[in-house]
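Chains as they are written, first to last, in the working numbering: chain X, 1 to 109; chain H, 1 to 116.
No lab work stands behind these hints: they were computed from the structure. Any given hint might turn out to be false.
[To be verified] A few chain H residues facing chain X, derived, Cβ under 7 Å: (1) PRO8; (2) LYS42; (3) VAL43; (4) PHE45; (5) PHE65; (6) GLU85; (7) PHE91; (8) TYR103; (9) GLU104; (10) GLY108; (11) PRO109.
[Said to hold, decoys possible] Label-pair distances were calculated between CB atoms; the ranges are: (12) H:ASN74 <-> X:PRO40: 24 to 32 Å; (13) X:ASN67 <-> H:THR116: 41 to 49 Å; (14) H:PRO2 <-> X:MET78: 24 to 32 Å; (15) X:SER69 <-> H:ASP63: 37 to 45 Å; (16) H:SER81 <-> X:ASN67: 40 to 48 Å; (17) H:ARG22 <-> X:LYS5: 40 to 48 Å; (18) X:TYR95 <-> H:SER9: 29 to 37 Å; (19) H:GLU96 <-> X:ASP53: 16 to 24 Å; (20) X:SER65 <-> H:GLU96: 21 to 29 Å.
All C-beta atoms in this analysis are idealised placements derived from N, C-alpha and C, irrespective of residue type, glycine included.
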Amino acid sequence: QQQVKQSPQSLIVQKGGISIINCAYENTAFDYFPWYQQFPGKGPALLIAIRPDVSEKKEGRFTISFNKSAKQFSLHIMDSQPGDSATYFCAAMGYKYIFGTGTRLKVLA
Amino acid sequence: EPEVTQTPSHQVTQMGQEVILRCVPISNHLYFYWYRQILGQKVEFLVSFYNNEISEKSEIFDDQFSVERPDGSNFTLKIRSTKLEDSAMYFCASSEPQLALTYEQYFGPGTRLTVT
Chain X
1 QQQVKQSPQS LIVQKGGISI INCAYENTAF DYFPWYQQFP GKGPALLIAI
51 RPDVSEKKEG RFTISFNKSA KQFSLHIMDS QPGDSATYFC AAMGYKYIFG
101 TGTRLKVLA
Chain H
1 EPEVTQTPSH QVTQMGQEVI LRCVPISNHL YFYWYRQILG QKVEFLVSFY
51 NNEISEKSEI FDDQFSVERP DGSNFTLKIR STKLEDSAMY FCASSEPQLA
101 LTYEQYFGPG TRLTVT
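Could you build the full structure based on these sequences and the hints that come with them?
This is the structure:
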């Protein structure tokens, strides 16, 4: 019940394409869902986050889609760029952060 | 832009030794956290700290671990007797009082702990 399942494990996208990463959770007590971006040797950096009272949030090229009934949320990166190549973690917050297993994104130039 | 800093960046220690990992959270933040990330795996919550006491801890945070805010700026994680399986990247994070309600946490660059 405390798990957050993330897929895919790795993703290769052409420059300009759309990157889509999915997460699913079980615990309905979670009430905050952030996405973190991590470059090698660096700490995770907050990218975008959503609460379950909205179905979508967009910030620049990054969009979170949230499906409360399905207990799923996803990150869409529009017009993906080589600089977006990083590992992306979804997370869910109840009384603590539960992180997904991560998706290694590579955007080809 | 203010950031969370951590020292050392890499710590090598022998099994059974004590290590102290240090963090300087963002100056006006009052909530502090430690996480660990075993190589290639997900980030795992260890402990949260507020008002000079532990507010939450995970099952990983056993009696070998302790946290302290020894002064107004540092936040430390002590591992009393390191084991091989403690080898990981340890991240410190902090959040502002008001933002704690939105759970926005800012992470440091991490300390890589290698236990030999």
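We went through each hint and held it up to the structure:
Violation of the interface hint for PRO8 of chain H is found here, the shortest Cβ-Cβ separation to chain X being roughly 14 Å, above the 7 Å cut-off. The criterion of a C-beta within 7 Å of any C-beta in chain X is met by LYS42 of chain H, whose closest approach is roughly 5 Å, and the hint holds. Annotation: interface hint on VAL43 of chain H holds; nearest CB of chain X at approximately 4 Å, less than 7 Å. The restraint placing PHE45 of chain H at the interface with chain X holds, with a minimum CB-CB distance near 5 Å, inside the 7 Å limit.
Taking 7 Å as the C-beta contact cut-off toward chain X, the hint placing PHE65 of chain H at the interface is violated, the least distance being around 15 Å. Against a cut-off of 7 Å between C-beta atoms, the interface hint on GLU85 of chain H is violated, since the closest Cβ of chain X lies about 19 Å away. The beta carbon of PHE91 of chain H comes within 5 Å of a beta carbon in chain X, closer than 7 Å, and the hint placing it at the interface holds. Checking TYR103 of chain H against chain X: minimum C-beta separation of about 5 Å stays under 7 Å; hint holds.
Nearest Cβ of chain X to the Cβ of GLU104 of chain H: about 6 Å, under the 7 Å cut. The hint holds. Checking GLY108 of chain H against chain X by beta carbon gives a least distance of about 5 Å; that is within 7 Å, so the hint holds. Proximity of PRO109 of chain H to chain X holds as hinted, the smallest CB-CB distance being about 5 Å (cut-off 7 Å). Distance hint for ASN74 of chain H and PRO40 of chain X: a CB-CB separation of about 27 Å, consistent with the stated range 24 to 32 Å.
Checked against the hint of 41 to 49 Å, the pair ASN67 of chain X and THR116 of chain H passes, with Cβ atoms roughly 46 Å apart. Checked against the given bound of 24 to 32 Å, the beta carbons of PRO2 of chain H and MET78 of chain X, roughly 30 Å apart, stay inside it. With their beta carbons about 42 Å apart, SER69 of chain X and ASP63 of chain H fall inside the hinted range of 37 to 45 Å. Remark: the range hint 40 to 48 Å for SER81 of chain H to ASN67 of chain X is upheld by a beta-carbon distance near 46 Å.
Hint check: ARG22 of chain H to LYS5 of chain X, Cβ distance near 34 Å, so the stated range 40 to 48 Å is violated. Under the hint 29 to 37 Å, the C-beta atoms of TYR95 of chain X and SER9 of chain H, about 30 Å apart, fit the expected range. For the pair GLU96 of chain H and ASP53 of chain X, the beta carbons lie near 22 Å from each other, so the given range of 16 to 24 Å is met. Here the CB-CB span from SER65 of chain X to GLU96 of chain H is close to 28 Å, well matched to the stated 21 to 29 Å.
Consistency note: the structure conflicts with the earlier hints numbered 1, 5, 6 and 17.
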